[in-house]
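Colleague: Using the sequences and the hints given, assemble the complete structure.
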Amino acid sequence: MFKPYSALALAKHALSPDRPWPRAWNSPEPKSSYDAIVIGGGGHGLATAYYLAKNHGLTNVAVLERNYIGSGNVGRNTTIIRSNYMIDGNTQFFEHSLKLWEGLSHELNFNCMVSHRGQVVLAVSPAQLDTFARRGNIMRLNGIDAELLDRGQVMKLLPYLDYSKDARWPIYGGIIQERAGTVRHDAVAWGYARAADTLGVHIIENCEVTGFVMDGDKAVGVETSRGKILAGKIGIAVAGHSSHVAKMAGLRVPIETHVLQAFVTEPVKPMVDHVISWGAELFYLSQSDKGGMVFGGHIDGFNTYTQRGQFPRIQTVAECAVSLLPLMSKLRLLRHWGGVMDMTPDGSPFIGRTERPNLYFNGGWCYQGFKATPASGWTFAHTIAHDEEHELNRAYSLDRFEKGRELDEFGIGNWTYKQ
Amino acid sequence: MRIPCPHCGQRDVGEFRYGGDASKARPAHGTGDMKAWHDYYFLFDNPKGPHDEYWQHVLGCRQWFKLTRNTATNEIGEQP
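If you read the protein sequences in the order shown, they are chains A and B. Per our numbering: the first sequence = residues 1 to 419. Per our numbering: the second sequence = residues 420 to 499.
What the hints contain is simulated information worked out from the structure, not anything from laboratory work. One should not assume that every hint holds.
Subject to a maximum C-alpha distance of 27 Å in a straight line, what follows is the list of computed DSS-like cross-link-like pairs (lysine-lysine) [stated by the list, open to error]: (1) Lys467/B to Lys247/A; (2) Lys467/B to Lys330/A; (3) Lys218/A to Lys467/B; (4) Lys403/A to Lys443/B; (5) Lys485/B to Lys403/A; (6) Lys485/B to Lys218/A.
Derived DEER-like restraints, expressed as beta-carbon distance ranges [said to hold, decoys possible]: (7) Arg445/B to Lys330/A: 29 to 35 Å; (8) Lys485/B to Pro270/A: 48 to 54 Å; (9) Gln482/B to His56/A: 52 to 58 Å; (10) Pro28/A to Arg445/B: 49 to 55 Å; (11) Gly449/B to Met214/A: 35 to 41 Å; (12) Tyr460/B to Tyr68/A: 35 to 41 Å; (13) Gly152/A to Gly449/B: 31 to 37 Å; (14) Thr487/B to Asn109/A: 39 to 45 Å; (15) Arg445/B to Arg335/A: 38 to 44 Å; (16) Glu281/A to Lys485/B: 44 to 50 Å; (17) Tyr460/B to Lys218/A: 27 to 33 Å.
C-beta atoms are modelled at their ideal positions from N, C-alpha and C, and glycine is treated no differently.
Modeller: What follows is the structure, given as structure tokens:
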């Protein structure tokens, strides 16, 4: 079924429209057992299956997705990639992810539309600009690009922001990571699914995991809506419902489920060439290739599984948008949605082994799941294949709070609302 | 979503501050058992269904109270 996509194939299909493109991946019946199962066919689950096959030669693998591929958070985010982190553990992990993004379209033979348009974080006080200098220095010591910008440089790059004397939050400068940018999110799911399928991975859609088959303490399989499936190793990568699935295996994890809203305006002509983040409040904005302003803010602030945002948050995010870019007051919202996220006390994720042998856990991605997709799959596949964490995900253990090794990078996560 | 304040009645959620899981028991003062504190602070039941929780009417009467909300629907039931 797999034929490489190329300019020649595109021309051929354009000339013979009666021969449609073949499906990008198969839909096999689930077998009764696999060497490894990944629960969750989102970006992270598919990437995990791909790297299990590609890097570790494990091809007798199934990805179980309760809905269809691309139906979850991988297709419902603000598509930003970056690696401007400053705590050891995060810095190296997210830089590895950005490096994987850089070659991903070639690696997968799928155009993921990776756009290194650069991300500017704006400082709204001199003290904040000082902390950005510190962050930039730490990034550069780790070999990551970062440039500090003064107010004049920001005015040149982003002339449409509010620089007036009445600006609610005066802009003192900023920091730019040129290699940061955006990616076509659906293409990431489709690209990993197709590439994993090509290597022999079974992608099984409409297959919900309803429980685990245990042999004492050991997880040896899963019960699903399409029957029992046994597995040598099982990885959980479900996002939003991570603690729900972990609970089926008797695990209690440091995760709470919250709703995070995102917004798209009607399309306008190209104006915002960068990803913009703000120092006054958690707020981030970019312009899509179709022209819509894509932006978002904080979570609503109480645990919920409803994919439905509350109005006060919409108002706050709209206020952020207008105080930063006054012209946003003239734009109409085209779409707005809420997705459910795993939030962790320190705002950092988990990738690692669990107290159950053969059961591995990947979750707690808070605001940063999308940009982490390639490195998350890469390190989770390593952890599953070798029954041991890779150096890059060692900091993301489930017991880090017991050991006093929190990774409190930005002061985000559900704790923000519990103080 | 509207929250029923026992003193002021139904008000918009924007007037309230969320106080988290009300079913958790705080370890006694002076408890040196780090595991008990870890579980209290860092682990969450995170149910998809009824959840007993604290709210404060921070932009109103400032009263703290408990209620039960279904986290799958945001429906608010009886006050526990």
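Colleague: So, for every hint listed, does it hold in this structure?
Modeller: Right, here's what the structure says about each hint:
1. Distance check on the hinted pair: lysine 467/B and lysine 247/A sit about 11 Å apart at the alpha-carbon level, within 27 Å; holds.
2. Using a Cα cut-off of 27 Å, the hinted pair lysine 467/B and lysine 330/A is violated, with the two alpha carbons roughly 39 Å apart.
3. In summary, the hint linking lysine 218/A to lysine 467/B is supported, as the alpha carbons are separated by about 26 Å, within the 27 Å threshold.
4. Restraint check for lysine 403/A and lysine 443/B: satisfied, since their Cα atoms lie roughly 22 Å apart, inside the 27 Å limit.
5. For the proposed pair lysine 485/B and lysine 403/A, the alpha carbon gap of about 33 Å is over 27 Å, so the pair is violated.
6. A hinted pair counts as satisfied when its Cα atoms are at most 27 Å apart, and lysine 485/B with lysine 218/A does not qualify at roughly 39 Å.
7. Judged by the Cβ atoms, the range 29 to 35 Å given for arginine 445/B and lysine 330/A is violated: they are separated by roughly 50 Å.
8. Between lysine 485/B and proline 270/A the CB atoms are about 51 Å apart, so this pair conforms to the stated range of 48 to 54 Å.
9. Glutamine 482/B and histidine 56/A have their C-beta atoms about 57 Å apart, which keeps the hinted 52 to 58 Å range intact.
10. For proline 28/A and arginine 445/B, the Cβ-Cβ distance of about 51 Å falls inside the hinted range of 49 to 55 Å, so the restraint holds.
11. In this structure the supplied range 35 to 41 Å holds for glycine 449/B paired with methionine 214/A, their Cβ-Cβ distance being about 38 Å.
12. Between tyrosine 460/B and tyrosine 68/A the C-beta distance comes to about 38 Å, which sits within the given range of 35 to 41 Å.
13. Checked against the hint of 31 to 37 Å, the C-beta distance between glycine 152/A and glycine 449/B comes to roughly 57 Å, which is inconsistent with it.
14. The supplied range of 39 to 45 Å is broken by threonine 487/B and asparagine 109/A, whose beta-carbon atoms lie about 52 Å from each other.
15. Between arginine 445/B and arginine 335/A the beta carbon distance is about 42 Å. The supplied range of 38 to 44 Å therefore holds.
16. A hinted range of 44 to 50 Å for the beta carbons of glutamate 281/A and lysine 485/B is inconsistent with their spacing of about 30 Å.
17. The hinted range of 27 to 33 Å is satisfied by tyrosine 460/B and lysine 218/A, whose Cβ atoms lie roughly 30 Å apart.
The structure fails to meet hints 2, 5, 6, 7, 13, 14, 16 from the earlier list, while all remaining hints are met.
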